[in-house]
Amino acid sequence: LRKHDPYYFYDQVEFDVPVGEKGDTYDRYLVRMEEVRQSIRILRWCLNNMPEGPIAIDNKAISLPSKKDVYGNIEGLMNHFMLIINGVQPPKGEVYHAVEGANGELGFYVISDGTGTPYRVKCRPPCFALMSGFAQMCIGGRLADAVAALGSINIIAGELDR
Numbered sequence: 001l002r003k004h005d006p007y008y009f010y011d012q013v014e015f016d017v018p019v020g021e022k023g024d025t026y027d028r029y030l031v032r033m034e035e036v037r038q039s040i041r042i043l044r045w046c047l048n049n050m051p052e053g054p055i056a057i058d059n060k061a062i063s064l065p066s067k068k069d070v071y072g073n074i075e076g077l078m079n080h081f082m083l084i085i086n087g088v089q090p091p092k093g094e095v096y097h098a099v100e101g102a103n104g105e106l107g108f109y110v111i112s113d114g115t116g117t118p119y120r121v122k123c124r125p126p127c128f129a130l131m132s133g134f135a136q137m138c139i140g141g142r143l144a145d146a147v148a149a150l151g152s153i154n155i156i157a158g159e160l161d162r
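As numbered in the working numbering, the sequence shown has no gaps in its residue numbers, which increase by one up to the final residue, 162.
These are computed hints drawn from the structure, not numbers from a lab. Some clues are possibly wrong.
[Stated by the list, open to error] In silico DSBU-like pairs for lysine-lysine, Cα to Cα no more than 35 Å straight-line: (1) Lys-122 with Lys-22; (2) Lys-3 with Lys-68; (3) Lys-60 with Lys-22.
[Stated by the list, open to error] The following label-pair restraints were derived from C-beta to C-beta distances: (4) Gly-72 with Asp-24: 54 to 62 Å; (5) Gly-141 with Glu-14: 34 to 42 Å; (6) Asn-86 with Leu-160: 41 to 49 Å; (7) Ile-62 with Ser-39: 43 to 51 Å.
C-beta atoms are modelled at their ideal positions from N, C-alpha and C, and glycine is treated no differently.
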């Protein structure tokens with residue numbers, strides 16, 4: 001996703017997308033190690049190109065005030081209270097957006113009715129897609145190989161529990 005549908009600053013960063021050739025457990029290990037090297041490459045670019053200035057957004061409509069303001073003045077306290085009670089109020093509509101997580105595409109589908117509480121939120125975790133290929137990975141192997149295959153795709157059980 002970072003290469004083919006870039007978000008944030010990824011269209012400015014030079015990095016490679018590692019792809020395996022054999023599809024076995026060892027190949028997935030080699031791909032993961034190359035992903036680590038490419039992540040370090042991206043981090044170095046970020047450190048060298050980080051702009052000066054504040055790192056937090058300064059918009060009272062969507063950002064919680066500092067603790068100093070919450071405890072120090074009534075305006076900060078009220079702003080905090082209203083954001084917590086009413087939430088951020090996006091416009092009516094629906095949107096799907098995905099980012100590249102450590103295991104693949106992590107997407108969210110949100111339907112907003114214009115209030116601070118979404119009408120519907122659906123999460124598409126990467127482990128659903130990974131787990132659907134697990135049986136195919138095990139064909140022709142031994143039972144003991146299934147443990148290594150499962151470990152090589154880095155399944156997060158909490159994503160599969162619906």
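Structure-based check of all given hints:
1. The hinted pair formed by Lys-122 and Lys-22 meets the criterion: a straight-line CA distance of about 34 Å does not exceed 35 Å.
2. For the hint pairing Lys-3 with Lys-68, the CA-to-CA distance comes to about 41 Å; that exceeds 35 Å, so the pair is violated.
3. Restraint check: the Cα-Cα separation between Lys-60 and Lys-22 comes to about 52 Å, which exceeds 35 Å; the hinted pair is violated.
4. Judged by the Cβ atoms, the range 54 to 62 Å given for Gly-72 and Asp-24 holds: they are separated by roughly 60 Å.
5. About 38 Å separates the C-beta atoms of Gly-141 and Glu-14, a value consistent with the hinted range of 34 to 42 Å.
6. With their beta carbons about 33 Å apart, Asn-86 and Leu-160 fall outside the hinted range of 41 to 49 Å.
7. Range check, Ile-62 to Ser-39: about 29 Å between beta-carbon atoms, so the 43 to 51 Å window is missed.
The structure shown violates the earlier hints numbered 2, 3, 6, 7.
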